Amino acid sequence: MDTHRLLMKLWKSLVALVMGFFIVNVALMVAAVGTSSVARRWLGTWLPDGYTFNWYQTAWQEFQLDSVLWVTIEVVAAVVFLSILIGVPAAYALARRNFRGKNLLMGLFLLPLMIPPITYGIPLATVMYQAHIAGTIFGVILANMIPAVPFMILVMTPFIEQIDANLESAARVFGANTFKLFWHVLLPLLAPGILAASLLVLVRTIGMFELTFLTAGPDSQTLVVALYYAVFAAGVRAPQSVDAMAMVYMAVTLAWLLIALQFVNPTQLVSRVKEHPKTA
Amino acid sequence: MTSDFSELRLDGVTRRFAAGKGVQSFTALNALTMTVKRGEFIALLGPSGCGKSTALNCLAGLLPLTDGGIWLDDTRIDVLPPEKRGFGMVFQNYALFPHMSVARNVAFGLAMRGVPAAESAQRVKRALDLVQLNSQAHKLPGQLSGGQQQRVAIARAIVIEPPLVLMDEPLSNLDAKLRLEMRAEIRRIHRELGRSTIYVTHDQDEALSLADRVVVMKDGVAQQIAEPQRIYAEPANLDVARFMGYRNLVELDVRSESGASVQLAGSGLALNARAMQPLAGGKAMLAIRPEEFDVVSSPVDNSFAARVLNVEYCGHDNIVDVEVAGGLKLIVRTTARLRVGDPVMLAIAPDKALAYPVDAAAGMVP
Amino acid sequence: MSSASPSSFDRSLLLLVPATLFMVVLFVYPFLYGLQLSFHPMEGNWLANYTQFFTTGNLRDTVWTTLKLAIPATVINVGAALPIAYQMRRSSRFQKLITTLLVIPLTLGTVLIAEGMLGYFGPKGWLSQSLQWLHIYEGPIRLTHNYWGVLISLVISGFPFAFLLTLSYITGIDPNLPRAASTLGATPWNQFRHIYLPLLVPGLAMAFALSFVQAFSVFPSAVLLGSPAGATRVISIAAYEAAFERYDYSMASAVAMLMGVVQLFVVAAVLGARGMFYRGPVSGGKG
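Sequence order for the protein chains is A, B and C.
Under the numbering used here, the letters of the first sequence match residues 1 to 280, in that order.
Under the numbering used here, the letters of the second sequence match residues 1001 to 1366, in that order.
Under the numbering used here, the letters of the third sequence match residues 2001 to 2287, in that order.
For the record, the hints were derived by calculation from the structure and aren't laboratory data.
For clarity, every value in this text was computed on a predicted model and none was experimentally measured.
In this text, a Cβ means the ideal position worked out from N, Cα and C, and glycines have one as well.
Heads up, a few of these hints could be off.
Claimed, not checked - Below, computed lysine-lysine pairings styled on BS3-like, alpha-carbon distance capped at 30 Å: (1) B/LYS1125 to B/LYS1084; (2) B/LYS1084 to A/LYS9; (3) C/LYS2096 to A/LYS9.
What the hints assert, rightly or not - A short, non-exhaustive set of chain C residues, derived as facing chain B with CB atoms under 10 Å: (4) GLN2095; (5) ASP2174; (6) PRO2178; (7) SER2182; (8) THR2187; (9) ILE2195; (10) PRO2198.
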C-alpha cells in the first residue's frame, strides 16, 4: 500500500520533471536567440562580450524588415478578412441546413486541415506559376486562404449551431426582414465567435511557412519566409542580425498570441478533427 | 467488506472547501451525525446546495472529510479510498461504461474483485433478472433507454453485494411516468434484498414513499431526522415545514400559551395552534398545509370566514385562493366545489396548525 | 440541427457557393492538375516520373529517410503525450499554465525553432557548454546539421500539438466513469487500464495519424537543421528541388503525389486498426 503511494509520487515527479525539462530547454533556446541578438560579440562563451542594440538596426536594413513587415500585415489582414467573408456564410449554411452531400462537403472543407501544406502546396504552386499569379502578393494571399477558410468554417459552425435558431424565427415573427435580421440579431451574436476565429486564423497565418514559401516572390515574402532565407544564408551574414530578425518575428507572433489567448483557450489552436465532441 | 454489519455511524462528518483567491471558505456539509441500521433505507432530502450530494460523496470516498469520522461497526472507513470501501453507488447520470456491454458493466465490480468467471456470470444473471433486463445483456448502454440504463446502473451496484448502496438522485433524469415506475422498482428491490441504502433526492414524494427515515437538510446542516410520517405531519422547524409543502405561512401574535397549545391572532384570524418549538417575542409563524383545511357550513371551533378569490381545477380536487377578512390570503386544497366570489367557512384542527418562532435563526438547528 | 429546408431550392444554400468554389478552384483543381501532370513527364512514357523516382537512389531513399524521422518522432510525441496529459487531466492552475506555455512553440513554428536550435543545441551553444561544465560529456555535442537535430526539432514542434490534442480527448471523457469504477473496486491503475484507455484508443489513433502526417512533411527543419544533401534528405526536399531548381513541375507533382500516398497509407492503416476498437460516445448515459 505504501509502495503504491510511493510509486505514484515517483511517477508524478517524473512527469513533472519531463515537462519541466522540455519547457526549460525551449525557454533557454528562446533566451539564447534573444541574448545573441543583443550581443556585440559571442563566440562560444557563456555570455557575450558586450551588448548592443545595433544588430536590430542592421537586420532592419539588411533584410528590409520594413517592407517585409508591411507585406506580412497585408497578407494576414487580407486572409483574415476574406476568410470571414466567404467562411462565415458557409458556416451558417452548414450549421442551419441539412442537405444531401453535406457530409461530402464537410469532408472537402476538412481536407486542407488534415493534409500538410507542403503536400498540396507543390501542385498549387505549379498551377499558380502557369497562371502567372505566383510570386505576387495576390498569389500568397490566395494560398494562405486554403487552410484559413476551412479553419474559419470549422470554428464557426459549432458556434452557430449553439445559437438558438428560434431567435431568428422570433425576429421574423416580429417583422424583421433579412437585412434587419442579420444586422440586429445575427451579427451581434456572431461577433464573439468571429473575433475568436479571426484571432486564431491570424496567429496561424503569421506562422504559416510552407505555403508562402512556395508561392512568394522576392517582394511578397512574409516575415517567417524572410527569416528562413536569412537563416539559410546565415553563413554570409552575422548570426546576431539573423537572431535579431528572429526576435522581431517572435515578438510579433507572441504579441498576437497573447491577444488571442484573451478570447480563446489554447486548445482551440489545434482544434482540427475532434474525435468525440464534448457533450454539453 | 462484509455485507453483515449492524450499524453505520457518521460522527460530526464535515466537509469544508478551503478559502481561495477571492472565494470564502464554504462549508458544504456541517457536522452530520447519524446512525444507519442494517437494512434501513435512508433518504437525504433537501434543495440544491443543501449538502446531500456532498454527504453521499463523502460516504463513497469520492470526497475527503475535513472533520469527523465514519465507522462501519468498529472499523473506521473514512480513511479508506473508494475502491476499498466496497459500497455500491448509482450515479445521477448512471455513469455506465459506454464501451462495455450491459453484462460486462454489471460484471465490472466482480472482475475487479477477482471473482471467477463462472460465478461472476451467475451473479450477473441474477442481478439482471432482479431488474428484469436479462434480454438486453449483450447491448451497449448507448442502445438502451433512460429507464433501462438506470436499471443497469442499479444492477451493477447491487451485484457486488455491498453492505451499503448509495444512490445519487437516480430518478431525476427520467420523465414523470418512468419515475413513478422506477420508484416502485427501487422499493421492490430494496424489499427483496434488504440492503442498507442511502438515497439522495430533492423530491419529497420520493423520499416519503421510499424511506424508512428521512434526513431533511439545508445549507449543509441536517434539520430533522425522522420517519416520513413525522416529517410530513410534524416538521421540526420552519425551513422543513416550508420544504414539505406547508404553503400557508403567516406571522401572528401570540395571545396565550399553555404548554404546547398556543392561541394566535392577527390579520383577521384567531386560532388554536400547536407550538413545535419554544416561542419567543410574543409572535409566532403559523404554518398550515393547504390540504388540512376543512370546508364547513357553519362556524365551529378553530374556524374562520373567507372569500374565494381564485379556483384552480385539478381534477380530483381544487386549489383555491381565499382572502380572509383582514386581507390575508391563504391557499386551500379541497374537493368542495367552490366558485370565485363565494363566501366560505374554513376550519383547521389545532394539531394541524403548527406554530414556529418568527426569528428564523432561533428556529434553525445550529 | 434545426429548421427543415423547403422541398424546393433553398436559397440559403447559396451561402455555401463562394467557399465551395474557392476550395474547388484552389484545392481540388490543383490537386487534379498535379495528378495528371505527374503522368506527363518531360520525357518518357506516362509512368516515367514514377519509375525514375523508384530507380534513382537519391529519390527513392527519401521515402525511407523521411519515415526514419517521422515515425520515431510521432511515437515519442504521442507516447509522451498520453501519460503526461493523463496526469494533468484535472483542470487546475498547473494544467492551464502548462497548456499556455506549450502553445508557444506551437505558434512560433518550425523556422524559429530551427534558428533557436542552431544556437542553443549547436556545438558552441548553452546546452553543449552546460554538459561540458557538468562533465557529463566532453567535447562539443553534435546535435545540429544531422539527423538528431531534425528529430529534436520534430519533437519540439510536434509534442505540444500531440499533447493538446490528447488532452482534449482525455478531458472529453465523463469523469464520473472512473469514479464509478473506483466505487466498484478499481484501483487507479485499473481505472486507467479498463476505463480511460479503451475510450482513448480512437482519439489516440487520430492524434497519431495527424502527428505523423505533420512530421512526414518536415521541410524547413530538414534544410536548416539537418544535412539536406545526405542524411536528412527528406521527400519534401526532393519535391522542392524538382519544382524550383530543375523546373521539372511534372516530377515535382509526382513526388508530391507520392508524399500524399504514403501519408494516406499510414493514416488509413492507423484508422483501420482503431476501427477494431470501440467507436461510440464517451459519456455513460443521460448526461
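Regarding the hint that C/SER2182 lies at the interface with chain B, is the smallest CB-CB distance below 10 Å? holds (4 Å)
Tell me if the interface restraint on C/ILE2195 is satisfied: Cβ within less than 10 Å of some Cβ in chain B. holds (6 Å)
Take the C-alpha atoms of C/LYS2096 and A/LYS9, compute the straight-line distance between them, and say whether it is at most 30 Å. holds (21 Å)
Cut-off 10 Å, beta-carbon criterion: hint that C/THR2187 touches chain B: With a closest approach of 6 Å, the C/THR2187 hint holds.
Given the hint that B/LYS1084 pairs with A/LYS9, does the C-alpha gap stay at or below 30 Å? Measuring from Cα to Cα gives roughly 20 Å; hence the hint holds.
Is the interface hint for C/GLN2095 satisfied, with its Cβ closer than 10 Å to some Cβ of chain B? At about 16 Å, which exceeds the 10 Å cut-off, the nearest Cβ of chain B leaves the hint on C/GLN2095 violated.
Quickly compare the C-alpha distance for B/LYS1125 and B/LYS1084 to 30 Å and report which way the hint goes. The hint holds at about 25 Å.
Take the shortest C-beta to C-beta distance between C/PRO2178 and chain B; is it under 10 Å? holds (9 Å)
Measuring from the C-beta of C/PRO2198 to each C-beta in chain B, is the shortest one below 10 Å? With a closest approach of 5 Å, the C/PRO2198 hint holds.
Any CB of chain B closer than 10 Å to the CB of C/ASP2174? holds (7 Å)
In this structure, the one hint that does not hold is number 4.
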